[in-house]
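Chemist: Taking the hints into account, I'd like the entire structure generated from these sequences.
Protein chains in written order, with this note's numbering: chain A, 1 to 301; chain B, 1 to 295.
Any given hint could be a false lead.
As the list claims (entries may be wrong) - If the Cβ cut is set under 8 Å, some of the chain B residues that face chain A in the computed set are:
1) H100
2) L112
3) A236
4) V238
5) V273
6) F276
7) M279
Stated by the list, open to error - With the C-beta cut set under 7 Å, the calculated list includes, among others, these residues of chain A facing chain B:
8) I125
9) A128
10) M129
11) V130
12) A133
13) Q136
Hints in this document: simulated from the structure, not taken from any laboratory.
This one's a predicted model, so the numbers in the text were calculated from it and none came from an experiment.
Glycine residues also receive a C-beta, built at the ideal position from the N, C-alpha and C atoms.
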Amino acid sequence: MSDHTMTGRPAAQRATRPLAIPPLHLAIFAGLLAFFAVAPFFLYPVFLMKVMCFVLFACAFNLLLGYGGLLSFGHAAFFGSASYVSAHAAKVWGLSPELCVLMGSGTAALLGLVIGSLAIRRQGIYFAMVTLAFAQMVYFISLQAPFTGGEDGIQAVPRNRLFGIINLSSDMALYGFVFVIVFAGLFLIYRVIHSPFGQVLKAIRENEARSVSLGYQVNRYKLAVFVISATLAGTAGATKALVFQLASLTDVHWAMSGEVVLMALLGGMHTVFGPIVGAAIIVTMQTISPASAPGLQCCRA
Amino acid sequence: MFEIFGIPAAALFGQLLLGLINGSFYALLSLGLAVIFGLLNIINFAHGAQYMMGAFVAWMLLSYLGINYWWALILVPLIVGAFGIVIERRMISRLYQLDHLYGLLLTFGLALIIQGLFRNQYGVSGLPYSIPPQLQGGTNLGFMFLPNYRGWVVFASLVVCFGTWFLIEKTRLGAYLRAATENPAMVGAFGINVPRLITLTYGFGVGLAALAGVLAAPIYSVNPNMGADLIIVVFAVVVIGGMGSIMGAILTGFGLGIIEGLTRVFYPEASAVVIFVIMAIVLMVKPTGLFGRAT
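Modeler: Given below as structure tokens:
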């Protein structure tokens, strides 16, 4: 396993442990943690929870685009389907929130496995078109399926009790729950990027043919990162459904896929922390001036 | 009234006609996408927005200037095509050295901006565009009632599709174009102005989308979102057909329209997703698409 250092790092950097967390990143993580821990005392918690959900969504998407080099135009399918499953589990089955989020993420993972294994048969722009088309298929299924509530969506989703004990109906209690999930997700993404697996991904992104010639099963790596990205996008969607107590067609519409592309690009797609900034900017813009955000009002006439 | 497979014939032929109409639009749009992709190597995500612009410009010409449908059929592709040429010169031409994905992202952004501008100006409720007087009414064919305008749409798009096929496959200009698709540097060395050819090709593809928009205006209401949902289906059509051949794009477009129409008769619940299901099957069996070449 010595060949994962072959991504063209300078020798000086290679001499130290290449996969350790650099102090700058630690500082940024600490800053983010501190900000989001203090912020709900000054800003509206629901807005902050929305920001955090989209931060996780954007980072999950960016894991695929920025590090896998795969542009998915269909991430709304994972975000939205997880949102529906989570809302359904909470409202109809009365499950506790952590199980709702787990079920939502699991659904997204399965869907990611199916769509991913088909989509990776094509490269580049075809990949983008295929994911977009499958997401549209998920949209139509969500429109017609009996449990999604069609145009109304699933409304008034209860938040229930965490582990069956802690009441999450107050915004501050829910904030803690979202905070833990989102930062666990972000840390997971960070570790994936800086693992040997992440190094191989970068190699595939830069030169797929060469990675194949080095003996990597390129398609397995692509599928694995696709499923991870889909799962975490699902986690974001499932959490979002509990925050807004709503799962609707907006979550599965292609405009949502476009929005997450914008977030990742605005922040900088080959960076770890860029999409966090991008997501925060776009969600803030939508909140302040809905007309300036192109995606959200693309509802069907 | 006679029946076929237990379905009233009028319903069957009615849906078949609807399928043919949808197929006409799939064919016209995927044709434009294929022509643009062949030479520019970008997927024109703004294609749906340009189709929508075609319908809107036709509506504007009629409402503000009193220019009728027949003139719009000629003028609108020129106007929107010229708009496309400006876009290509000012923006897209800067991206040819970069990864293909940047072209997709740029045109996606353009589509959002264009749609947003039209939505702010005209709302989402849709504007009416009446069928030209010469084509109102319908013809009784014996087995079904054919609205004249719908017949005209199918006829016109067939003519345009095969005209484009002829232009690209059988004329000297088309030969330059195909040569430039294969090897732009070599064609440039023979003294042909490849950048200009690229610009004109983009303008032509955009013009095709605008023409489809004018044809669609009297059938669907003219609204800013009319292209957005259509273009996703067209992407699936393009993936199914592969972008290797012009004839492939035409046949896949019409064929999938008809399949979609038939699905609406026999199993209506699946009509919205049938094209995507076919796409999944094609990806499993022949990932390069039915008419595509291995890359």
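Chemist: Of the hints stated earlier, which fail here?
Modeler: Hint check: nothing fails, all pass.
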